[in-house]
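**Student:** Chains as they are written, first to last, in numbering that gives the first Met the number 0: chain A, 0 to 109; chain B, 0 to 398; chain C, 0 to 309.
None of these hints come from the bench; they were simulated from the model.
All figures in this text were calculated on a predicted structure; none of them were measured in a lab.
Among the hints, erroneous ones may be present.
Said to hold, decoys possible - Footprint (simulated), chain C over chain A, 3 or more residues, beta carbon under 8 Å: (1) 25-32; (2) 57-63; (3) 80-90; (4) 95-107.
To be verified - Partial chain A-side listing against chain B, Cβ under 10 Å, derived: (5) Met0; (6) Met7; (7) Gly8; (8) Trp10; (9) Ser11; (10) Trp12; (11) Lys13; (12) His15; (13) Arg17; (14) Gly18; (15) Ala19; (16) Ile21; (17) Pro22; (18) Gly71; (19) Leu74.
A virtual CB, placed ideally from N, CA and C, is assigned to each residue, including glycine.
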Amino acid sequence: MTWDYSDMGKWSWKKHPRGAVIPKAGTAHDYKTGGWRSQRPILDKEKCINCFFCFIYCPDTAIIVKDEDMKGFDLKHCKGCGICAHECPKDAITMVDEIKAKQQDESASA
Amino acid sequence: MPRTVAAIGTDAVAEAMRQINPDVVPAYPITPQTAIVETFSQMVADGRVESLLINAESEHSAMSAAIGAAAAGTRVMTATSSQGLALMWEMLYIASGLRLPIILANVNRSLSAPINIHCDHSDSMGARDSGWIQLFSENGQEAYDNTLQAVRIAEHPDVKLPVMVLLDGFIISHSIDRVDFLEDDKVQKFVGSYTPEYPLLDAKNPVTWGAFDGLYGHYFEFKRAQQQGMLNAPAVIKKVGEEYGQMSGRPYGFFEEYHMEDAEFAVVALGSATGTIREAVDIARCADMKVGMIKLRMFRPFPAEELVKALSGVKAVGIFDRSDTFSGTLGGPVFVETRSAFYESPVKPLMSSYIYGLGGRDLSFDLIEKAFAELEETARTGKVKERINYLGLREGEVE
Amino acid sequence: MALKLKDLTKNKEWLTGGHRMCAGCGAPTAVRQILLAAPQDTNLVVCNPTGCMEVSTTIYPYTSWRASYIHSAFENAAATISGVETAYNALKKRGKLEDDFHFVAFGGDGGTYDIGFQSLSGALERGHRMLYVCYNNEAYMNTGIQRSGATPYGAWSTTSPFGSESIGKVQNRKDLTAIVAAHNIPYAAQASIHNWRDVARKAQKSFAVNGPSFINIMAPCHRGWRYPMEKTIELAKLSFETCIWPLYEVEEGQWKLTAKPREKKPVEEFLKTQGRFRHLFTPENKGQIQIIQDFVDREWETLLKRCGEA
Ligand code: SF4
Ligand code: SF4
Numbered sequence: 000m001t002w003d004y005s006d007m008g009k010w011s012w013k014k015h016p017r018g019a020v021i022p023k024a025g026t027a028h029d030y031k032t033g034g035w036r037s038q039r040p041i042l043d044k045e046k047c048i049n050c051f052f053c054f055i056y057c058p059d060t061a062i063i064v065k066d067e068d069m070k071g072f073d074l075k076h077c078k079g080c081g082i083c084a085h086e087c088p089k090d091a092i093t094m095v096d097e098i099k100a101k102q103q104d105e106s107a108s109a
Numbered sequence: 000m001p002r003t004v005a006a007i008g009t010d011a012v013a014e015a016m017r018q019i020n021p022d023v024v025p026a027y028p029i030t031p032q033t034a035i036v037e038t039f040s041q042m043v044a045d046g047r048v049e050s051l052l053i054n055a056e057s058e059h060s061a062m063s064a065a066i067g068a069a070a071a072g073t074r075v076m077t078a079t080s081s082q083g084l085a086l087m088w089e090m091l092y093i094a095s096g097l098r099l100p101i102i103l104a105n106v107n108r109s110l111s112a113p114i115n116i117h118c119d120h121s122d123s124m125g126a127r128d129s130g131w132i133q134l135f136s137e138n139g140q141e142a143y144d145n146t147l148q149a150v151r152i153a154e155h156p157d158v159k160l161p162v163m164v165l166l167d168g169f170i171i172s173h174s175i176d177r178v179d180f181l182e183d184d185k186v187q188k189f190v191g192s193y194t195p196e197y198p199l200l201d202a203k204n205p206v207t208w209g210a211f212d213g214l215y216g217h218y219f220e221f222k223r224a225q226q227q228g229m230l231n232a233p234a235v236i237k238k239v240g241e242e243y244g245q246m247s248g249r250p251y252g253f254f255e256e257y258h259m260e261d262a263e264f265a266v267v268a269l270g271s272a273t274g275t276i277r278e279a280v281d282i283a284r285c286a287d288m289k290v291g292m293i294k295l296r297m298f299r300p301f302p303a304e305e306l307v308k309a310l311s312g313v314k315a316v317g318i319f320d321r322s323d324t325f326s327g328t329l330g331g332p333v334f335v336e337t338r339s340a341f342y343e344s345p346v347k348p349l350m351s352s353y354i355y356g357l358g359g360r361d362l363s364f365d366l367i368e369k370a371f372a373e374l375e376e377t378a379r380t381g382k383v384k385e386r387i388n389y390l391g392l393r394e395g396e397v398e
Numbered sequence: 000m001a002l003k004l005k006d007l008t009k010n011k012e013w014l015t016g017g018h019r020m021c022a023g024c025g026a027p028t029a030v031r032q033i034l035l036a037a038p039q040d041t042n043l044v045v046c047n048p049t050g051c052m053e054v055s056t057t058i059y060p061y062t063s064w065r066a067s068y069i070h071s072a073f074e075n076a077a078a079t080i081s082g083v084e085t086a087y088n089a090l091k092k093r094g095k096l097e098d099d100f101h102f103v104a105f106g107g108d109g110g111t112y113d114i115g116f117q118s119l120s121g122a123l124e125r126g127h128r129m130l131y132v133c134y135n136n137e138a139y140m141n142t143g144i145q146r147s148g149a150t151p152y153g154a155w156s157t158t159s160p161f162g163s164e165s166i167g168k169v170q171n172r173k174d175l176t177a178i179v180a181a182h183n184i185p186y187a188a189q190a191s192i193h194n195w196r197d198v199a200r201k202a203q204k205s206f207a208v209n210g211p212s213f214i215n216i217m218a219p220c221h222r223g224w225r226y227p228m229e230k231t232i233e234l235a236k237l238s239f240e241t242c243i244w245p246l247y248e249v250e251e252g253q254w255k256l257t258a259k260p261r262e263k264k265p266v267e268e269f270l271k272t273q274g275r276f277r278h279l280f281t282p283e284n285k286g287q288i289q290i291i292q293d294f295v296d297r298e299w300e301t302l303l304k305r306c307g308e309a
């Protein structure tokens with residue numbers, strides 16, 4: 000199902016799906032909640048033992064696991080709650096200040 | 000062959016349901032609707048329908064289950080009455096807001112308190128702004144006919160709204176009357192198969208029903224779109240009524256006009272009372288009274304324009320309401336709406352509200368004749384004596 | 000069957016990121032843990048009553064659900080999903096549907112213990128094939144922390160505030176899991192998000208049942224309980240370790256503890272971590288903690304007996 004709702008704010012009453020049905024699954028994936036973060040999780044892969052506790056406790060489906068390997072964070076959706084860092088048995092995740100992390104990102108890409 | 004039988008109103012509705020053979024019927028028993036659910040349950044038990052029954056633990060849950068089943072993509076019917084409809088109230092708005100073509104037979108009964116099990120229209124009038132189409136029936140035959148047509152109306156792509164078929168408690172529901180039933184295959188062909196919109200059970204395309212509109216604010220647009228369903232409904236109701244007429248010999252419109260051609264005054268009424276009023280008109284006509292009647296079938300959507308046209312030739316109109324609005328000053332609901340429909344009209348007949356039959360109080364000939372006499376006087380003198388009248392209320396002083 | 004977390008990482012995620020539940024909320028974790036354990040070859044219809052989860056996961060035009068989803072009102076999630084399940088059976092009966100579906104409702108404690116209880120009881124009695132999950136955070140959090148039938152004795156909430164005449168909520172919570180079990184449904188369980196393996200196992204059992212199943216899962220809310228958000232899992236664990244929230248199941252009438260704390264911690268260990276109980280730690284309210292301890296002890300003893308462990 001394709002459903003382009005990018006300009007929905009301008010839609011007339013005639014254009015919406017009948018009965019306010021959302022005709023497509025998982026559209027919230029397009030919505031960024033990463034901006035809520037004041038803290039950002041940082042992974043020290045050296046310490047990680049791939050126990051996946053972070054994965055199973057994250058409320059925002061923001062731990063990326065591929066082929067049985069913890070790869071890091073989906074920062075588009077991670078809200079910076081710190082649960083993953085708190086629950087990691089190996090202290091492989093640390094929470095850092097989001098603003099500082101952003102500044103570092105910017106200077107690194109500059 | 001069509002069958003002519005002697006049937007009570009609830010059996011007429013249950014027979015229509017059997018012939019429609021809906022997928023799911025969630026229901027809860029309440030007097031005087033009970034017989035519909037009982038008869039239909041027996042049909043399910045005997046394998047005479049393929050329908051699945053949900054014996055809900057309340058009317059609220061019955062309508063909630065109806066909404067779930069309809070959103071899942073099935074054809075759904077239910078029935079209730081009185082307090083049951085009142086308990087459904089929250090879900091009625093949700094059914095129409097989600098644009099689900101659910102069919103509900105409501106057996107009209109008064110609302111508590113005091114508790115009373117007899118007929119009046121307080122229950123259905125209480126739901127008149129819930130976004131449901133409302134079709135009133137005069138007798139068991141019409142209850143049957145309306146139920147079959149309701150399916151086509153509700154499911155029509157221009158409409159997609161739930162439909163309430165209304166029949167008077169006891170007077171229709173429990174009275175034996177002659178009813179012509181159509182052949183099963185004719186009914187099946189008439190109602191056709193159901194193509195749902197956005198069914199939950201489409202594995203390839205999961206959808207979300209009942210989303211929250213709190214942040215972006217499209218609620219207003221959805222409500223306007225819902226109104227469009229109501230605006231489109233009359234054309235569909237007319238077409239379906241005509242088609243039904245061709246098949247059965249019993250055509251249906253928005254209302255029926257009785258002796259309106261030369262009428263000087265008229266009565267507007269709905270439900271079983273129109274049978275009695277029709278007789279009273281016949282008798283009055285013998286006495287040279289120029290009286291006519293309009294039997295309103297379609298109350299939602301309200302046929303304002305057509306009604307104004309039909310009543311423009313008379314000098315006085317008495318509007319019979321089997322419920323009150325409790326507005327203090329405005330009169331019964333049908334009266335309020337009919338009067339409002341005339342606001343822009345250059346010709347305005349004089350109008351009075353007759354509230355009758357609350358809690359099952361009989362509407363006898365002499366009461367109708369009393370109203371006729373008053374209306375005739377109004378037509379003659381150009382004066383309304385009492386705008387709001389209670390017909391059959393015990394008002395005399397105790398002697 | 001051995002349950003490995005690495006296997007769950009490969010399963011379908013039914014709830015996407017991008018929902019608007021608070022950071023650190025326990026409820027989406029409960030959803031993820033349960034649905035990660037769903038059979039991989041099925042389809043799902045999920046139902047919510049009105050509540051935090053509903054308003055946060057389906058903000059039109061955004062839905063976090065990769066399953067089909069329906070919400071209709073507050074007090075009727077069980078009735079609504081029972082309609083969906085019956086529709087499924089109706090279409091199967093007529094040979095009009097090929098795909099297989101499971102049906103899951105997630106209701107908060109307000110929508111389950113209180114306003115939705117009648118509809119839940121009705122649906123359980125009718126025997127619909129559905130899993131009803133109560134994500135329990137012990138108050139009406141969506142409307143701003145009002146007390147519910149699940150709120151424990153002594154807890155502050157905006158409608159059970161403490162003051163000179165009150166110590167917070169003055170009634171004990173009701174034992175909903177036991178009440179549900181009394182419906183004699185095939186499977187009822189109590190779980191907590193800190194023990195993912197226990198949750199996944201209970202979810203697997205529920206999905207396998209041909210009839211109603213029920214999981215009451217502890218899912219702490221830091222806004223309502225007043226604790227730092229990263230401690231959600233830790234607090235769920237403490238509720239278990241203090242026996243405030245025991246983990247058990249009732250399978251075909253058989254009660255069984257599915258986990259037992261190594262040592263039963265005093266309730267104080269749990270209460271002191273949260274702002275909602277802070278007022279109990281004043282000299283005037285000294286006896287209150289003992290009242291809570293006594294209540295928890297009594298419930299725990301009853302449960303041990305039911306499970307044949309006493
Ligand atoms: S919890 Fe820690 S050790 Fe376990 S997978 Fe996540 S980062 Fe690695
Ligand atoms: S900080 Fe919270 S939201 Fe972000 S990845 Fe960790 S657990 Fe998930």
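**Student:** Tell me the numbers of any earlier hints that the structure contravenes, in ascending order.
**Tutor:** 4, 18 and 19
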